[in-house]
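Here the protein sequences come in this chain order: X and A. At the far end of the first sequence sits residue 404, using numbering that gives the first Met the number 0, and the numbering has no gaps. At the far end of the second sequence sits residue 404, using numbering that gives the first Met the number 0, and the numbering has no gaps.
Hints are not guaranteed to be accurate.
[Unchecked claim] Straight-line alpha carbon distances no greater than 16 Å define the calculated EDC-like cross-link-like pairs of lysine to aspartate or glutamate that follow:
(1) X/360 x A/31
(2) A/191 x A/219
(3) X/401 x A/304
(4) A/83 x X/305
(5) A/83 x X/208
(6) X/51 x A/31
For the record, the hints were derived by calculation from the structure and aren't laboratory data.
These are the residues of each chain, in order.
There are 2 protein chains.
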Amino acid sequence: MDIHELTRSLKTTNSSKIVMMVADGLGGLPQEPGSSTELEQAKTPNLDNLAKMGVVGSMTPIKPGITPGSGPGHLGLFGYDPLKYIIGRGVLEATGIGFSVGPKDVAIRCNFCSLDAGGKITDRRAGRIPTKKSAPLAEKLRAVSIPDSIADVEIFVEPVKEHRFVVVFRGEGLGGNVEDTDPQKTGVAPLKPVADDAASRRTAEIAREFIAQAQKILADEPKANGLTMRGFSVKPAVPTYEEVYGLKAAAIAVYPMYKGLAQLVGMEIIGRPGTLAEEIDVLEEAWDDHDFFFVHFKYTDSRGEDGDFPAKVEMIEQFDAVLPRVTALNPTVLIVTGDHSTPATLANHSWHPVPTLLVAKTCRPDACEVFGERAALVGGLGHFEAIHLMPLALAHAERLGKFGA
Amino acid sequence: MDIHELTRSLKTTNSSKIVMMVADGLGGLPQEPGSSTELEQAKTPNLDNLAKMGVVGSMTPIKPGITPGSGPGHLGLFGYDPLKYIIGRGVLEATGIGFSVGPKDVAIRCNFCSLDAGGKITDRRAGRIPTKKSAPLAEKLRAVSIPDSIADVEIFVEPVKEHRFVVVFRGEGLGGNVEDTDPQKTGVAPLKPVADDAASRRTAEIAREFIAQAQKILADEPKANGLTMRGFSVKPAVPTYEEVYGLKAAAIAVYPMYKGLAQLVGMEIIGRPGTLAEEIDVLEEAWDDHDFFFVHFKYTDSRGEDGDFPAKVEMIEQFDAVLPRVTALNPTVLIVTGDHSTPATLANHSWHPVPTLLVAKTCRPDACEVFGERAALVGGLGHFEAIHLMPLALAHAERLGKFGA
Chain X
0 MDIHELTRSL KTTNSSKIVM MVADGLGGLP QEPGSSTELE QAKTPNLDNL
50 AKMGVVGSMT PIKPGITPGS GPGHLGLFGY DPLKYIIGRG VLEATGIGFS
100 VGPKDVAIRC NFCSLDAGGK ITDRRAGRIP TKKSAPLAEK LRAVSIPDSI
150 ADVEIFVEPV KEHRFVVVFR GEGLGGNVED TDPQKTGVAP LKPVADDAAS
200 RRTAEIAREF IAQAQKILAD EPKANGLTMR GFSVKPAVPT YEEVYGLKAA
250 AIAVYPMYKG LAQLVGMEII GRPGTLAEEI DVLEEAWDDH DFFFVHFKYT
300 DSRGEDGDFP AKVEMIEQFD AVLPRVTALN PTVLIVTGDH STPATLANHS
350 WHPVPTLLVA KTCRPDACEV FGERAALVGG LGHFEAIHLM PLALAHAERL
400 GKFGA
Chain A
0 MDIHELTRSL KTTNSSKIVM MVADGLGGLP QEPGSSTELE QAKTPNLDNL
50 AKMGVVGSMT PIKPGITPGS GPGHLGLFGY DPLKYIIGRG VLEATGIGFS
100 VGPKDVAIRC NFCSLDAGGK ITDRRAGRIP TKKSAPLAEK LRAVSIPDSI
150 ADVEIFVEPV KEHRFVVVFR GEGLGGNVED TDPQKTGVAP LKPVADDAAS
200 RRTAEIAREF IAQAQKILAD EPKANGLTMR GFSVKPAVPT YEEVYGLKAA
250 AIAVYPMYKG LAQLVGMEII GRPGTLAEEI DVLEEAWDDH DFFFVHFKYT
300 DSRGEDGDFP AKVEMIEQFD AVLPRVTALN PTVLIVTGDH STPATLANHS
350 WHPVPTLLVA KTCRPDACEV FGERAALVGG LGHFEAIHLM PLALAHAERL
400 GKFGA
């Protein structure tokens, strides 16, 4: 019996409200041995106050030592085992540009590349062609049309950035197990799309036809005269928040990637906020309509990835500053966490645990007086994996019945 | 390889004695933010002294956020994965009244209900008929006799409380997968017993015949003129303490439920104590005859379920007071824990971790000076799941060999 089987069988409903505030890449590292992390250095009177009232812990996103991308990081927070529910690269790339991948879709990450006269790759990224040139080129590929003799399939081509674009095949019974055509080196031709199982044979055929037609369209381009395809994938079969938790869930985010991930687990995407303050506006307006709210704040991660320690500190302070508006709504359970750490010193996602706090009338307060990485180590939630956060949220909202008599 | 496979292969014997003192529902919550839990408030000089000498930790009964019933709570303490060994409701109910469910038994929870002239349920609990009326009625149902043409089966009918009673069918090859006949609403007739697999078809047939005969016996009753059946179940196949740990184990408990759970894992039920002091008498008398003693104290849970904070504090103090008699026996390993939390503020079982202590010559003492929920957060056993407690007990008793060379 896994955790979702447990929550499915024990879930009950009431009028409680759960808010999960996610500061992306929240956890950090000190700049010097013995100094403070970004969060420890930031002035966070509201977070500290919540830490006093609630219970904190040190949350491992996936498993110790494993650095998550945004997909697994958020799946874990949502309580979906990231080692079981694998989001393919094509689906993640499409999700990241706001393309809603459906159940009949195969999504593929594509690169423009440069080919020599013999069809061999001379540059795998077409000289990192700028977006303003690559985007219209990607749009030209929408002229590709797969003959009915191959398949009854709809084709979507969406520009991403520089040499990258996304292709989606939409049709009945298309498998997603097709091997990459990118040979990962120059001096050789792109590989042919090869199916790894019977269900994907037609997908591979469509891909071959797509590539053939696309090459003709691109033939006269100076740099981007070829393409490679990677990460063929279908949307994973994921149960919804309603099914596994009995929650009517809403997601409030600025960036398409996080909206897409929330949509994948059946959350409703609400509002079109452009700033954190606008995200809280949306939260306030939608308060009566949902049981669960996921609120995503991106810039803690962005400034961490920039390697800009003081700027990440400032983003944490901005995040802290909006919290009184959230607590004023009087949520039954308020969680503050991150999907992973993004220490400015590493300028990258990392595996380090994420300080996490939970405030509820039903929580057992611990001795923590501040919210930070070191304080979280002795918190009442202990050291735990992200996948346990949702059952804890439900329990503290008194939305889970007793297991066994 | 699961934990039982490990302990099975590594277990050794010696003359050590392990005592597991279980204060049911031990963990609690503060009444006011910032105040103490029941255990923290109680004066527990003996527990505090044991915490100083030993090692403590914060134990999660099942998984974070999951509130256990008594069955899964105790299976976890005994080291049996509660998500693997599922005890059916019928078996648990029978166990709770001291009926020893055997390998050929199907146990069923039954309710007396009120039926109208058309056979439709008007009250699912027969007006909560008092026990003094329902018990003789249940006994009258012992007159039911299943003809040999249906099955060679022995029938037991045992009163429980108010509208509830237990029926057990004892015979060869009876499956336990029969659907509930309680429609969970009034205005409709009870459902027919339907088998969910081939092995349970005969059980369903017996149930139909039982119901038909019982209805005749009950026909003239003013309120309890019908019955419903729920939680058909057989005893799960559970290895014994002897098999998985090499321990000759004894259980000392006042209430039938806990004796039954201990019996399920092969413990010998010893004595007929009525109080905690009498339980310790039994422990002293049986000291030479067993390797492992499970001692169950019920009233910490009872007063928690009553929502009576000061009374639970007092029960914890009574529990503390008997401990010198236990330590005087000089057990090799002494464990004090609970099967779950029962905070008086919730008046119910809860998911919160349970402070747990272990004292042994071989333990690595930590910095804890008192026994309480907050102190346990920084103890040497850390935050751990109940299923790991028995291997820790065996290890500290030097009853587990090295894994691998």
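Structure-based check of all given hints:
1. X/360 x A/31: holds, 10 Å
2. A/191 x A/219: violated, 22 Å
3. X/401 x A/304: Between residue 401 of chain X and residue 304 of chain A the Cα gap is close to 14 Å, so the pair holds against 16 Å.
4. A/83 x X/305: Violated, because 47 Å separates the two Cα atoms, which is more than 16 Å.
5. A/83 x X/208: violated, 50 Å
6. X/51 x A/31: holds, 13 Å
The structure fails hints 2, 4, 5 (numbered hints given earlier, in ascending order).
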